[in-house]
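Assemble the whole structure, with the sequences as input and the hints as a guide.
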Amino acid sequence: MDSHLSRRGFLSQSLTGISAVWVSTHWPAMLSAATHAREAAKSASPAIFEFFTPEQASEIDAVSSRIIPTTDTPGAHEAGVVFFIDRALITFAKDNQKVYSEGLLELQARAHELFPAVKKFSAATLEQQDQILESLDAQSKADARNPFRPSAGAATFFETLRVHTISGFLIDPDANKRGNRDGAGWKAIGRENEHMFMPPFGYYDKDYPGWQPNPPASDKPKT
Amino acid sequence: MTLDQPKYKTTDEVDFVVIGSGAAGGIVAKELSENGFRVVVLEQGPYLTEKDFIHDEIEVLNRDFLTNHPDLQPNTFRKTPDEKAKPQRAIAYGRLVGGTSTHFTANFWRFHEIDFKERSKVGPVPGAALADWPITYADLEPYYTKVEWEIGVSGQAGASPFDPPRSKPYPMPPLPVKSGGVIFERAARKLGWNPFPAPMAILSQPRPGRSACINCGFCLAFACEVGAKSSSLATAIRMAEKTGRCEIRPNSYVHRIELDANGRATGAVYFDAQRNVQRQKAKAVVVCANGAETPRLLLLSANKQFPDGLANSSGKVGKHLMFNSGALSVGVFEHPLNDYKGFAVSRILHDFYELDPDKVGFHGGGGLDARFDQTPINFALGGLPPGSPRWGKGFKDVLSHNFTRTVEILCHGTSLPVANNSFSLDPDVKDAWGLPALRMTYKDHPDDVKLSNWLNVRAAELLQAAGAKKQWSFPAGEQEFSVHLLGTCRMGDDPKTSVINSDHQTHDVKNLFLCDGSSLVTSGRGQPTMTIEALAFRASDRITALAKRGDLST
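Chains as they are written, first to last, in this note's numbering: chain A, 3 to 225; chain B, 1440 to 1993.
Calculated directly from the structure, the hints in this document are not laboratory data. Glycine is no exception: its CB is placed at the ideal position from the N, C-alpha and C atoms. Nothing false has been slipped in among the hints.
Derived DEER-like restraints, expressed as beta-carbon distance ranges: (1) Pro-1485(B) - Lys-121(A): 47 to 57 Å; (2) Thr-1936(B) - Pro-211(A): 47 to 57 Å; (3) His-114(A) - Pro-1914(B): 42 to 52 Å; (4) His-114(A) - Asp-1491(B): 43 to 53 Å; (5) Lys-1909(B) - Pro-217(A): 28 to 38 Å.
No farther apart than 27 Å at their CA atoms in a straight line, the calculated lysine-lysine pairs in the BS3-like style are these: (6) Lys-1525(B) - Lys-1869(B); (7) Lys-121(A) - Lys-1832(B); (8) Lys-208(A) - Lys-1908(B); (9) Lys-100(A) - Lys-122(A); (10) Lys-208(A) - Lys-1629(B).
Okay, here's the thing in structure tokens:
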């Protein structure tokens, strides 16, 4: 809630007169929509999947955790990427269902092919997992197709999953897509989980003295 | 918002039907309704407002929440007229009330004097159909000022030694500087150039009904949820609605303009939301549908009198398409810039606006800006240095380090008008309404590519002078996609070589006017919307004068 309060505080500072009326009529709706989205995201039972079986979900979670691993900062697992993908596959990425169901089989086959003792991807060691994904990635076309709008020659499973993992990691947490849980992905890349900022923004504009005209041409260095 | 609007019947002969509600259409609707006329605005997209605007990159960037959807309105593309065009997305524009002005970057450069008289100043350019405008910078100056004051532009008058004369300062100070802007400014000064605060159509101070920019960071491609971006939606459309004489009719896809026996336009034919055909009667028609859809509508409206397209006796409808050339260099710095906060651009320079063709070996000019216009997913998928790991710890490390430390130097430049570059109707591909799809034919003039690469060398020099820890440049190639859609119904005095006169009246149909990017005779140096809006204010004055004289009813 703190962030909401500070947004409100900043707005009331930056607005005067009739615009404050605009805000008082519109902003509460925006805040409550955002709050609702956050509460909904939190209250969604993490155990419920709408597309994946629990077994499939743990495989996807394992793969996405190698695409964006947990380090000293959150990774795909902490950001709940598997829930984002699960929701995506019954909504805006419905057309990718087949890529996933076939891809999961391919993943298991490749795991077994490279490491005969390994029954499923999630049971492999992290090093083995990376080798399996490298072998799948080698097949991916370098050209980035748009997995949200698949057309003829859809992207490979690995490329689709890579783009979906990154998307689920970095999507606006308030977007109601079950991604970037608690802003974990934004935290990892250094983006504050806010939608309102005040200058100074960064290191170089901190002590900026204000714009001054150039010195007269005679004082200028020669080009 | 939509309160107090009149609801005209389609059988009511209103004074004007305005087709399109974007940068030009919004202003034309405002001006004509404020001048006492009854106006219906037909907009093909929905009427969304601030509460609908979201920061969801998937909906906005991938699923065309605000833009023309390629599945519904496909494009085809080819480089030259002897090729068969292939289905390929060629354009993106805002398809909602407010049009592209709802989601643009909001760089609001005025054109300079040279842009209006380049042909007579530099002479013919081989391979280009370069022409002078029938109006000058001085004719447009009062209207640039009007845009700045009435629509809302932040900036600092006199900060650039290359700026053309102006009659008034900006109505509000520039937006705050970003770290990328400071880096740009210091490095440019070191090189002897003249960086200055970018003029932006984004509020640095609140205005009635609108917040100042809250620096949310979802700016380019996103619509503003606090009305700080000076879109037609946040400005002109609301002023038009206030008159009580203007109806904004969304979800109305115009596909034909019909003439009566006397060769006068009688109104507009459109599909409503249920795809039923409707006919709005009007005394005069103003098409502001953008540089792609305006010529397409004229071509779709071919009839016995105009078999090659309405108002196309010149054969120039759809021709001379210009984009603006561009190139990009990127730098990564030691400390966090956090340029993800705020609008895209805070500093620019115009030292290279008028290059000497004898010295550089090509025609044109341009400007540079420092920007960070990437949102998180977009950045992770396309903003890392070439050759970076695409997944795993290495990927995460580069992404986490660079997201807050990256700035882009974008080069903007001339697009020369080339006769073959055009929009036309595709003979095979249809849109979801069964209408012929837009076919783009486009191949950059070789000078445009040379210019872009020349400017990109300056951008790389700037990053080096700034002490970038890492930098890379993308070489400019021939473009196949654009959001700047210019020149396709050009203005001119000669009905044989142009489509509209300097009053924006078509040479062929007296009560048919066109005003948007299609009116431009030259492309300027990269930022056309300011000029489109100034033209819209001026066109409205001219149209009002003609209407009051009774010239439109005969």
